[in-house]
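Asks: If you number the sequence shown the way our numbering does, the last residue is 316 and the count never jumps.
Please keep in mind that the hints were generated in silico from the structure rather than gathered at the bench. Heads up, a few of these hints could be off.
For each label pair, taking beta carbons as the anchor points, the in silico distance ranges come out as [as the list claims (entries may be wrong)]: (1) R150 to R92: 23 to 29 Å; (2) R154 to Q227: 39 to 45 Å; (3) A123 to A96: 25 to 31 Å; (4) N248 to L68: 34 to 40 Å; (5) N248 to E84: 26 to 32 Å.
In this text the structure is predicted, and so the values were computed from the model without any measurement. Every residue gets a Cβ at the ideal spot worked out from N, C-alpha and C, and that includes glycine.
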Amino acid sequence: MYALRYLKYKNCLAALIENALTEAECKELLRIAEASTIDPLAPSASPKWDRAMINMGGGRQALAVEERNCGRVILDTPEIADKLLARLRPFLRDLDMERLEDRRFVTGPGGNQKVFRLTRLNERLRFLKYVGGEYFRPHWDGMYKTPDGRERSYFTLHFYLNADGQQDWKELVRANTAEKRGAKVENPDADGKLLGGATSFLLPFVKEEEERHVRIFPKVGSVLVFQQRDLLHGGDSVFRGTKYTLRTDVMYEQE
Numbered sequence: 062m063y064a065l066r067y068l069k070y071k072n073c074l075a076a077l078i079e080n081a082l083t084e085a086e087c088k089e090l091l092r093i094a095e096a097s098t099i100d101p102l103a104p105s106a107s108p109k110w111d112r113a114m115i116n117m118g119g120g121r122q123a124l125a126v127e128e129r130n131c132g133r134v135i136l137d138t139p140e141i142a143d144k145l146l147a148r149l150r151p152f153l154r155d156l157d158m159e160r161l162e163d164r165r166f167v168t169g170p171g172g173n174q175k176v177f178r179l180t181r182l183n184e185r186l187r188f189l190k191y192v193g194g195e196y197f198r199p200h201w202d203g204m205y206k207t208p209d210g211r212e213r214s215y216f217t218l219h220f221y222l223n224a225d226g227q228q229d230w231k232e233l234v235r236a237n238t239a240e241k242r243g244a245k246v247e248n249p250d251a252d253g254k255l256l257g258g259a260t261s262f263l264l265p266f267v268k269e270e271e272e273r274h275v276r277i278f279p280k281v282g283s284v285l286v287f288q289q290r291d292l293l294h295g296g297d298s299v300f301r302g303t304k305y306t307l308r309t310d311v312m313y314e315q316e
């Protein structure tokens, strides 16, 4: 049963689409991603997850594990991107995302009195793997503009490919407290039930740290959609188990 849940932010759009994909579809996406890393001449080899990097601007990337520490597989596939958009389009329509008219809180001041039409999803699918204390520190997603300058991204789509959305809150608090005191995750149970790994939004102008966080715990088949402008967020540390996600962008063109 599909479900659409809004995350309430003033002048910002973020929402969670539950059960957008089946568990079998998520496993197939992950299988395709890992298969793309295996040399056909060595079919028995293990999948290779490269280390994820951060964007430095101007098409440059850099490895910065103090900010981002996780595995990544990049797969360019317009066919899969189109299928994902077809599945999500009814929800994006309900979120009023198909046409952005004078939506400066989404587009920035440059979007005043302009109209942007949804064209497609970015075919560059980025699969992410977090295990054993890995994380992505708080950041803002950058807008992607195509080389010809015609299309640009205004929203991020984050697909959760595993986990059940349920966590032991007391155990999670203990793990977070230990991490803040400098403890490292040792001998992680990569096959265990996921602990940690929430996507956390940090609200501005709130003094208490815990009250600043709005956490979305991974649940297989759910999709988090949020505007790239002004929403500070991060991937919390994974203390047990493995977290798999897929990230891409919603692309627009000015009418």
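Asks: None of the hints should be skipped; say for each whether it holds.
Replies: Taking the hints in turn, this is what the structure says about them:
1. A hinted range of 23 to 29 Å holds for the C-beta pair R150 and R92, which are about 25 Å apart.
2. For the pair R154 and Q227, the supplied restraint of 39 to 45 Å is violated, since their beta-carbon distance comes to about 30 Å.
3. Between A123 and A96 the beta carbon distance is about 28 Å. The supplied range of 25 to 31 Å therefore holds.
4. At about 35 Å, the beta-carbon gap between N248 and L68 stays in the expected band of 34 to 40 Å.
5. Remark: the range hint 26 to 32 Å for N248 to E84 is upheld by a beta-carbon distance near 28 Å.
Hint compliance for this structure: hint 2 is the single one not met.
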